[in-house]
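Starting from the known structure of chain G, fit chain S onto it as the hints suggest.
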Amino acid sequence: MRSKGIAIPYVVWMAIFVVVPLILVVVYAFTNRSGGFTLENFASMSQYASVFGRSFLLAFVATVVCILLGYPMAYFLARERGRLRQMATMLIMLPMWMNFLLRTYSWVFLLERNGFFNTLLETIGLPKLDIIDTQGAVVLGMVYNFLPFMVLPIFSVIEKMDHRLIEAAQDLGANSAEVFRRVIFPLSLPGVLSGVTMVFIPSVSTFVISRLLGGGKSLLLGDLIEMQFLGSAYNPHLGSAISLVMMVIVLVSMGIMNRFGEGEGEAVVL
Amino acid sequence: MKKTLALIMSLTIMAGLLSGCVSTRESDSTDTDGSGAEATGGVVNVYNWGEYIDESVLTDFEEATGIKVNYQMYDSNETMYSKVAAGGAEYDVVIPSDYMIARMIEEDMLEPLNFDNIPNFADIDPNLLNPAYDPENLYSVPYMWGLLGVIYNKTMVDEADLGSWDLMWNEKYADDILMFDNSRDAIGIGLKMLGYSYNTTDENQIKEAVDLLVEQKPLVQAYVMDEVFGKMEGGNAAVGTYYYGDYLTMVENNPDLGFYIPEEGTNTYVDAMCILKGAKNKENAEAFINYMCSTEAGLKNCEEIWYSTPLMSVREELDPEVANDPYAYPDEEIMAKCESYAGLPQNILDLYDSEWTRLKSAT
Numbered sequence: 001m002r003s004k005g006i007a008i009p010y011v012v013w014m015a016i017f018v019v020v021p022l023i024l025v026v027v028y029a030f031t032n033r034s035g036g037f038t039l040e041n042f043a044s045m046s047q048y049a050s051v052f053g054r055s056f057l058l059a060f061v062a063t064v065v066c067i068l069l070g071y072p073m074a075y076f077l078a079r080e081r082g083r084l085r086q087m088a089t090m091l092i093m094l095p096m097w098m099n100f101l102l103r104t105y106s107w108v109f110l111l112e113r114n115g116f117f118n119t120l121l122e123t124i125g126l127p128k129l130d131i132i133d134t135q136g137a138v139v140l141g142m143v144y145n146f147l148p149f150m151v152l153p154i155f156s157v158i159e160k161m162d163h164r165l166i167e168a169a170q171d172l173g174a175n176s177a178e179v180f181r182r183v184i185f186p187l188s189l190p191g192v193l194s195g196v197t198m199v200f201i202p203s204v205s206t207f208v209i210s211r212l213l214g215g216g217k218s219l220l221l222g223d224l225i226e227m228q229f230l231g232s233a234y235n236p237h238l239g240s241a242i243s244l245v246m247m248v249i250v251l252v253s254m255g256i257m258n259r260f261g262e263g264e265g266e267a268v269v270l
Numbered sequence: 001m002k003k004t005l006a007l008i009m010s011l012t013i014m015a016g017l018l019s020g021c022v023s024t025r026e027s028d029s030t031d032t033d034g035s036g037a038e039a040t041g042g043v044v045n046v047y048n049w050g051e052y053i054d055e056s057v058l059t060d061f062e063e064a065t066g067i068k069v070n071y072q073m074y075d076s077n078e079t080m081y082s083k084v085a086a087g088g089a090e091y092d093v094v095i096p097s098d099y100m101i102a103r104m105i106e107e108d109m110l111e112p113l114n115f116d117n118i119p120n121f122a123d124i125d126p127n128l129l130n131p132a133y134d135p136e137n138l139y140s141v142p143y144m145w146g147l148l149g150v151i152y153n154k155t156m157v158d159e160a161d162l163g164s165w166d167l168m169w170n171e172k173y174a175d176d177i178l179m180f181d182n183s184r185d186a187i188g189i190g191l192k193m194l195g196y197s198y199n200t201t202d203e204n205q206i207k208e209a210v211d212l213l214v215e216q217k218p219l220v221q222a223y224v225m226d227e228v229f230g231k232m233e234g235g236n237a238a239v240g241t242y243y244y245g246d247y248l249t250m251v252e253n254n255p256d257l258g259f260y261i262p263e264e265g266t267n268t269y270v271d272a273m274c275i276l277k278g279a280k281n282k283e284n285a286e287a288f289i290n291y292m293c294s295t296e297a298g299l300k301n302c303e304e305i306w307y308s309t310p311l312m313s314v315r316e317e318l319d320p321e322v323a324n325d326p327y328a329y330p331d332e333e334i335m336a337k338c339e340s341y342a343g344l345p346q347n348i349l350d351l352y353d354s355e356w357t358r359l360k361s362a363t
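Protein chains in written order, with our numbering: chain G, 1 to 270; chain S, 1 to 363.
If we strip away everything but chain G, and leave its shape as in the complex, we get:
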């Protein structure tokens, strides 16, 4: 009884800031400007198929790159001891203390035609990088911004792994590649699944990265939705409908992923 009393503020909080907004999204999605019921918002969705496709593709690529970069990083970090590890963890966390927008802006200045990297490359006589305002730059922005969300869950899983299991495998004659493939990697999967969730969801819904690094040319779902609320096309009803469809797709894909990782336990649906 007592514990229930303590939970009340949280329930109220969740109701006001999670449930009510979701209800509003649903109401808006099924109404038109004059407030009547309509399915038109969903009927016009097919014209944005390319935006959906591009968003999911870029988010997928960014997630894969994050695994490829983040897994080894987390792995070596977890096996390191003492100062170096503290320093490295700190360095991974540090950028997150700065505003997301500022971090992304600084990439604009680094990658710009006559920006930092290109001036550097030019002075040492190398050809210029032409990456700004491309989809490549958008993926780079996503990877840079969301990489810590991949590294940290994997790191914590590997770090807590029972070392005796690894020793047992070694005693039974497994070489280090086999130990990794048959013991460490399967045991670290829950961390990877959490990491995938935490990178994929913000990537698929991000909006400012493509405007700043992609030159506003490769419109993503987040930009499309932002445009309906704050941008040139003011239509919150359509914006809500797009948000709703996106949420459903993300939930379904997370459901599939969790099934895939079932028995591994703790992948988190945000």
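It is worth saying that the hints were derived from the structure and are not from the lab.
It is possible that part of the hints are untrue.
[Unchecked claim] From the structure, some residues in chain G lie toward chain S, with a derived Cβ separation under 7 Å:
{"hint": "1", "residue": "48"}
{"hint": "2", "residue": "51"}
{"hint": "3", "residue": "110"}
{"hint": "4", "residue": "112"}
{"hint": "5", "residue": "113"}
{"hint": "6", "residue": "114"}
{"hint": "7", "residue": "215"}
{"hint": "8", "residue": "216"}
{"hint": "9", "residue": "230"}
{"hint": "10", "residue": "233"}
Even glycine gets a Cβ: it sits at the ideal position worked out from N, Cα and C.
Showing chain S alone in chain G's frame:
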């Protein structure tokens, strides 16, 4: 496992909060409730374009009147409109452009001004009074005006290619072209290329203009608003389009830049100060508008942003070279090629929205 996740999440949230603090501290005059006001004269909430004021004018106003200014910025008329239309934000003074004022008057979003409280209104250039967007001049006081044109980098663009809007469709400069990131201006350029009016309500003409923009898309480096400053000043793009006042700011930082008015014609605009319907601080807002029309404030703003001033006394005080600049204060020959935006009916606005989304989601 769950603990670490919780830790990560809370750290992220904290990071968000911390960065939030930083951005409000940066301009501590942005708290909209005005609870931080130490002055006795109350507050006025102002919503203006970015890079569109000499911010010391705000301090001067606070010192002169004791009214605290909460100052916020937007980067397009459409952003301002959707913020205001969505409600929840309480602004007193907004500074939209002509066509948006027309739309807001029509939708009953503006409050008629009490001109007794704005004596400096007498200093406004009579040519700008009773404009098409506010025929009886009940709702608006001009803040700045100017022309739209093409900005190019002389070291990157051949002189022979200049003169027309089609520079922005020239394949020689593929990936070096900057286009407007808002529907009205971008589609407007398409319409002018085709020789149509900015204010056409012919759906086919608008679709034709957007087809032209879709054709242009592979050549465009980026769709920009104020990002154009950094890109043009840094020599990161060859061709862009923006307002003449902003060109004057850019050329100070990069003397290689040039400007021209395209032969097909261009847009002339007026941005004017208005008070929103139901504004809580109407008298303070009128005091603010009046102060902005003073010679002192007008001169400071004009010398900061270099747009054309509507205040006659300010123009007299300006350096004669600026005051007689043919693009800042154009003669009739140039004005004859200019057209301003008018308000459009709702069905055409909807068409603009869907056509704009079509352009932006095109591959």
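Verification of the hints:
Look at residue 48 of chain G: its Cβ gets to within about 6 Å of chain S, closer than 7 Å, so that hint holds up. With a least beta-carbon distance of about 5 Å to chain S, the hint placing residue 51 of chain G at the interface is held under the 7 Å criterion. Taking 7 Å as the C-beta contact cut-off toward chain S, the hint placing residue 110 of chain G at the interface is violated, the least distance being around 12 Å. Satisfaction of the interface hint for residue 112 of chain G is found here, the shortest Cβ-Cβ separation to chain S being roughly 5 Å, below the 7 Å cut-off.
A distance limit of 7 Å between C-beta atoms decides the matter here; for residue 113 of chain G the minimum to chain S is near 4 Å, and the interface restraint holds. A distance limit of 7 Å between C-beta atoms decides the matter here; for residue 114 of chain G the minimum to chain S is near 5 Å, and the interface restraint holds. For residue 215 of chain G, the interface hint holds, the least distance from its beta-carbon to any beta-carbon of chain S being 3 Å, beneath 7 Å. The interface hint given for residue 216 of chain G holds, since its Cβ lies 3 Å from the closest Cβ of chain S, which is under the 7 Å cut-off.
For residue 230 of chain G, the interface hint holds, since its Cβ comes within 7 Å of a Cβ in chain S; the closest pair sits about 5 Å apart. Because the beta carbon of residue 233 of chain G sits about 4 Å from the nearest beta carbon in chain S, less than 7 Å, this interface hint is met.
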